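> Here the sequence shown is numbered in this note's numbering, starting from 1 and rising by one per residue.
These are calculated hints, taken from the structure and not from any lab test. Since the structure is predicted, the reported quantities are computational estimates derived from the model, not experimental observations. Ideal Cβ positions, reconstructed from N, Cα and C, are used throughout, including at glycine. Treat the hints loosely; a few may be bogus.
The following label-pair restraints were derived from C-beta to C-beta distances [said to hold, decoys possible]:
#1 D16 - G72: 30 to 40 Å
#2 E69 - V28: 18 to 28 Å
#3 D16 - V66: 25 to 35 Å
#4 G46 - T14: 31 to 41 Å
#5 E69 - T14: 32 to 42 Å
#6 I65 - D35: 32 to 42 Å
#7 T41 - V68: 26 to 36 Å
#8 L71 - S38: 30 to 40 Å
#9 R19 - R53: 12 to 22 Å
#10 L71 - D35: 29 to 39 Å
#11 G17 - E55: 11 to 21 Å
#12 D16 - S42: 20 to 30 Å
#13 M3 - S29: 15 to 25 Å
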Amino acid sequence: PTMNFMPAELLSGTADGCRVKAAGVGEVSLPQAGDAYSKGTSLTLGVRPEHLRLEAPQGDNCFDIVNVEYLGN
Numbered sequence: 001p002t003m004n005f006m007p008a009e010l011l012s013g014t015a016d017g018c019r020v021k022a023a024g025v026g027e028v029s030l031p032q033a034g035d036a037y038s039k040g041t042s043l044t045l046g047v048r049p050e051h052l053r054l055e056a057p058q059g060d061n062c063f064d065i066v067n068v069e070y071l072g073n
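Could you build the full structure based on these sequences and the hints that come with them?
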């Protein structure tokens, strides 16, 4: 499946998860261990559209949907 990539920076990381700041997205908490990296490390955040879900707004993050592609099922 196709993945979207965006530059990001590690804000904090533990063995249980990490917090990153991604360009155009803002701050995001992830369940991926981040304790092997130093704060400020440059990262590439990969996002699969099928793993996103819509919820009521809770912050300033917003996205513009520019393409929708039917992939079956």
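> Hints first: check each against the structure and report whether it holds.
Results of checking the hints against the structure:
no.	hint	verdict
1	D16 - G72: 30 to 40 Å	35 Å, holds
2	E69 - V28: 18 to 28 Å	23 Å, holds
3	D16 - V66: 25 to 35 Å	34 Å, holds
4	G46 - T14: 31 to 41 Å	21 Å, violated
5	E69 - T14: 32 to 42 Å	36 Å, holds
6	I65 - D35: 32 to 42 Å	34 Å, holds
7	T41 - V68: 26 to 36 Å	33 Å, holds
8	L71 - S38: 30 to 40 Å	37 Å, holds
9	R19 - R53: 12 to 22 Å	19 Å, holds
10	L71 - D35: 29 to 39 Å	35 Å, holds
11	G17 - E55: 11 to 21 Å	19 Å, holds
12	D16 - S42: 20 to 30 Å	22 Å, holds
13	M3 - S29: 15 to 25 Å	19 Å, holds
Going down the numbered hints, you'll see the structure goes against just number 4.
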